[in-house]
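Colleague: Respectively, the protein sequence lines represent chains A and B. If you count by this note's numbering, then the first sequence holds residues 1 to 384, one letter each, in order. If you count by this note's numbering, then the second sequence holds residues 1001 to 1369, one letter each, in order.
Derived from the structure by calculation, the hints contain no laboratory data. Computed from a prediction, not measured in an experiment: that's the story for all the values here. Don't be surprised by glycine CBs; every beta carbon is placed ideally from N, CA and C. Treat the hints with care, since some could be wrong.
Said to hold, decoys possible - The following residues of chain A were derived to be distant from chain B, with all beta-carbon distances above 12 Å:
#1 Pro153
#2 Gly157
#3 Leu178
#4 Gly332
As the list claims (entries may be wrong) - Listed below are the simulated DSS-like cross-link pairs for lysine-lysine, each with C-alpha atoms no more than 30 Å apart in a straight line:
#5 A:Lys33 x A:Lys285
#6 A:Lys189 x B:Lys1290
#7 B:Lys1290 x A:Lys104
#8 B:Lys1156 x A:Lys199
#9 A:Lys41 x A:Lys206
#10 A:Lys134 x A:Lys33
#11 A:Lys104 x A:Lys285
#12 A:Lys41 x A:Lys104
#13 A:Lys134 x A:Lys104
#14 A:Lys198 x B:Lys1290
#15 A:Lys104 x A:Lys44
#16 A:Lys285 x A:Lys324
Residues per chain, in single letters:
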Amino acid sequence: MTGLQDRLTPEQVEEFGRELDEIRQRVVADLGKEDVEYINKIIKTQRGLEIAGRSLMYLGFFPPAWLAAVGALSASKILDNMEIGHNVMHGQYDWTRIPELNSKTFEWDTAAPGDNWRHSHNYLHHTHTNIVDKDRDVGYGILRMDADQPWHPYYLGNPVYATLLAIFFQWGVWFHDLEVDRLISGELKWSETQEVRKKMRAKAGKQIGKDYVLFPLLTGPLAPLTLAGNATANLIRNLWSFSIIFCGHFPADVETFTEEETENETRGQWYLRQILGSANISGGKLFHIMSGNLSHQIEHHLFPDIPARRYPEIAHEVRAICEKYDLPYHTGPLSRQLASVAVKICSLALPPVGYLKSLVGRHKSGDAVPESTTVDTQGQRVAA
Amino acid sequence: MTTTVPATKRKQRTLSLRDRAVRFAEMITTPLLPADYLDIISPLRSGADLRGRIEAIHPETRDAVTVVIRPGRGWRGHTPGQYIRIGVDVDGVRQWRAYSMTSPGDRPDGCITITVKAIPDGTVSNFLVRRARAGTVIQLDQATGDFVLGEQPPAKVLFVTAGSGITPAMGMLREVVQAAGAVPDIVMVHSAPTPQDVIFAGELRMLARQGQLRLIERYTDAEGLLDIATIGDVVEDWAEREVWACGPTGLLDAAEAHWTEAGIADRLHTERFRPTVLVTGEGGSVTFSKTETTTEADGSTPLLDAGEAAGVLMPSGCRMGICFGCVAPLREGAVRDLRTGDVTTAVPGDGVLVQTCISAAAGTCDIEL
Ligand SMILES: Cc1cc2nc3c(=O)[nH]c(=O)nc-3n(C[C@H](O)[C@H](O)[C@H](O)COP(=O)(O)OP(=O)(O)OC[C@H]3O[C@@H](n4cnc5c(N)ncnc54)[C@H](O)[C@@H]3O)c2cc1C
Ligand code: FES
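Take these sequences, add in the hints, and give me the full structure.
Modeller: In structure tokens:
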């Protein structure tokens, strides 16, 4: 595998960065009324779907109505989380100076409080994209998603944990912000997380309260059906967002990086890392909207603050630049990307080829890790 | 033991019931607020953030229009001469500007009007004059300002106005001529480049013909700018009059000097349309208003670094412009985007947010941190 730094000469990286900056400048200069109208239309649709979903639950005794209610509510939550919440909280609409579209104050329909998310996602993940040990989205602190993460028998459960994470994804994201791995390692003190925990408790209470107590009670005798409907809608949203997000960074050919190779990165090198560390998902217009245009993960990682609806229109230019510099542009349909992620989750559950061998002749298994990773890097490529 | 006691009790109960209803509504609409849903259906309802709907736009001159606005239910009314701040979305960006009200206090249809003159390259004025359409919903603030005639209008009034500075005077004029009782003795000295540029020309000239107003028009293209020191030549009793002046800075500065010299500065009331003239340049003095810290920053130092160096607890993240973790309100002043060179300016109330990690001072600025 070619290292991050030796793909392009320093001059090339510079030029490549300039070309991407130009795209950004052009789109930013062109932002206007249509972008606001678009997001307002999505917001209106989402609110309409939510009201429809909540109302149809009153007819929940009639199975087609229950299904329609679940469908509308799932779509509402998906739109809220992906195309609206995720994107607004990235500051994509801050330039409008419209308070309702303000990244600082927006709150979304999921367990994780916006404030916690803004830190762990916008900053930690987007700045340190795919740097193992720094980007906590690599494995979410529970999965082994990269060969450079040392293997441990715990990871035999990788497929099980991944399935559970998919099912309870909103709680995974909620919990993620607590940075448990850093708590365990002692980097972070429990007392330092007080603020984060307070927000987590408050938001979780409100979300549970509305979906699992209030709305069911409001439908009187239909409460169990409404409860089941709300739970199903949350489940559908969880599976969907898990899939989109995992396909954005974990298909087999997507690369990860070490802290050393990303030290003192220039703007161009940072762009390069975003491209190598992300993958797109191909699909139709509706699919892109429902994925919050995160199906254009590459463009999103290059320009996280540009309204996501603009990603499709710049994708071909980004791709052309990648071709020009002989860089990979990872993309594929959802089914293929998902299968690739699944294979990765399962294969990384197993110890690397050299693991057992390396145990022999060593006293402490911890020392074996550096050696095993190199072997495993190859192992992973075989699996891919 | 009268009915008052139970009545108060009942009032308290209903209040808390209402509070409870609101709390309940908030619980079911969480993480949004009930207003987020209601705004879609009824943006002008009472209790909503104050908004207004443009009902009509009437041309006044070739570059000025009167905008008729129906304010939302929360509108508390105005006194003629006051101004409102309106927020309009121009090319997707919400822009706030102040406009004097030209309607009297109580139009029968409940609407208010402002009159806007397009200035060269002006974002909002050109939008309102040339592009805005009836039906558009805009943001409003309550009316404010003390450029008003007062409870009891003085017996002798002088308006000295120029260009769009006619607007607050027109509001006052309309109020007094339609009010019952004696109309004060009013003189208006108004400057405009040509006769065609006089906003409200028809109405003013008609009031003059009816004897309700002595109107002195000055056409500056032909006659040159009015020298305020010679005001006595056209208005002999100028020193006896209570004066309201509104127009370009030069005119108002000269008026202040002249009235001060005459020792009657308290007779002169002025309204400035450009209260803050922003000087933009490279770097400047940066104030972090919440922490009451001021520091000098050059034109290439990010505000984030400048703040940290001055000991302000600055929120931050990536420090490279992507995470929006450093966003803070620019209360007032000018900053430059270090990536694009674009300058962003703000006056209080504009609600402008900037990323401190990629913004440098472009003049004096005040960051709300
Ligand atoms: C209390 C108050 C009352 C006002 N009442 C009215 C009114 O009744 N009618 C009306 O038309 N305007 C009024 N104004 C002025 C108005 O608020 C705007 O400043 C004006 O419409 C220009 O805004 P813009 O967005 O078009 O220009 P901008 O895009 O903000 O500015 C464009 C350029 O014009 C310059 N500029 C800004 N304001 C002015 C100005 N007033 N005169 C000359 N140049 C300027 C700027 O420095 C800049 O170079 C009032 C202002 C205040 C403070
Ligand atoms: S610190 Fe990340 S955008 Fe400024």
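Colleague: All the hints need checking, so say for each whether the structure fits it.
Modeller: Hint-by-hint comparison with the structure:
1. With a cut of 12 Å on Cβ distances, Pro153 of chain A stays outside the contact zone with chain B, its closest approach being about 36 Å.
2. At the 12 Å boundary, the C-beta of Gly157 of chain A stays outside the reach of chain B, the nearest C-beta of that chain being 33 Å off.
3. For Leu178 of chain A, the condition that its CB be more than 12 Å from all CB atoms of chain B holds, with the nearest at approximately 18 Å.
4. In this structure Gly332 of chain A is separated from chain B by more than 12 Å, as the shortest Cβ-Cβ distance comes to about 26 Å.
5. Of the pairs offered as hints, the one joining Lys33 of chain A and Lys285 of chain A holds, with about 21 Å between alpha carbons and a cut-off of 30 Å not exceeded.
6. Between Lys189 of chain A and Lys1290 of chain B, the direct Cα distance comes to roughly 29 Å. Compliance with the 30 Å bound is thereby established for this hinted pair.
7. For a cut-off of 30 Å, the pair hint linking Lys1290 of chain B to Lys104 of chain A stands: about 18 Å separates their Cα positions.
8. Under the criterion of a C-alpha separation no larger than 30 Å, the hint pairing Lys1156 of chain B with Lys199 of chain A is inconsistent with the structure, at around 63 Å.
9. At most 30 Å may separate the alpha-carbon atoms for a hinted pair to count; Lys41 of chain A and Lys206 of chain A meet this at roughly 26 Å.
10. The straight-line distance between the Cα atoms of Lys134 of chain A and Lys33 of chain A is roughly 38 Å, outside the 30 Å bound, and the hint therefore fails.
11. For the proposed pair Lys104 of chain A and Lys285 of chain A, the alpha carbon gap of about 29 Å is at most 30 Å, so the pair holds.
12. Pair hint Lys41 of chain A plus Lys104 of chain A holds up; C-alpha atoms about 21 Å apart against a cutoff of 30 Å.
13. A hinted pair counts as satisfied when its Cα atoms are at most 30 Å apart, and Lys134 of chain A with Lys104 of chain A qualifies at roughly 24 Å.
14. The hinted pair formed by Lys198 of chain A and Lys1290 of chain B meets the criterion: a straight-line CA distance of about 25 Å does not exceed 30 Å.
15. With a CA separation close to 21 Å, the supplied pair Lys104 of chain A and Lys44 of chain A stays within the 30 Å bound.
16. Straight-line distance between C-alpha atoms of Lys285 of chain A and Lys324 of chain A comes to about 27 Å, which keeps the hinted pair within the 30 Å bound.
Of the numbered hints stated above, those contradicted by the structure are hints 8, 10, listed in ascending order.
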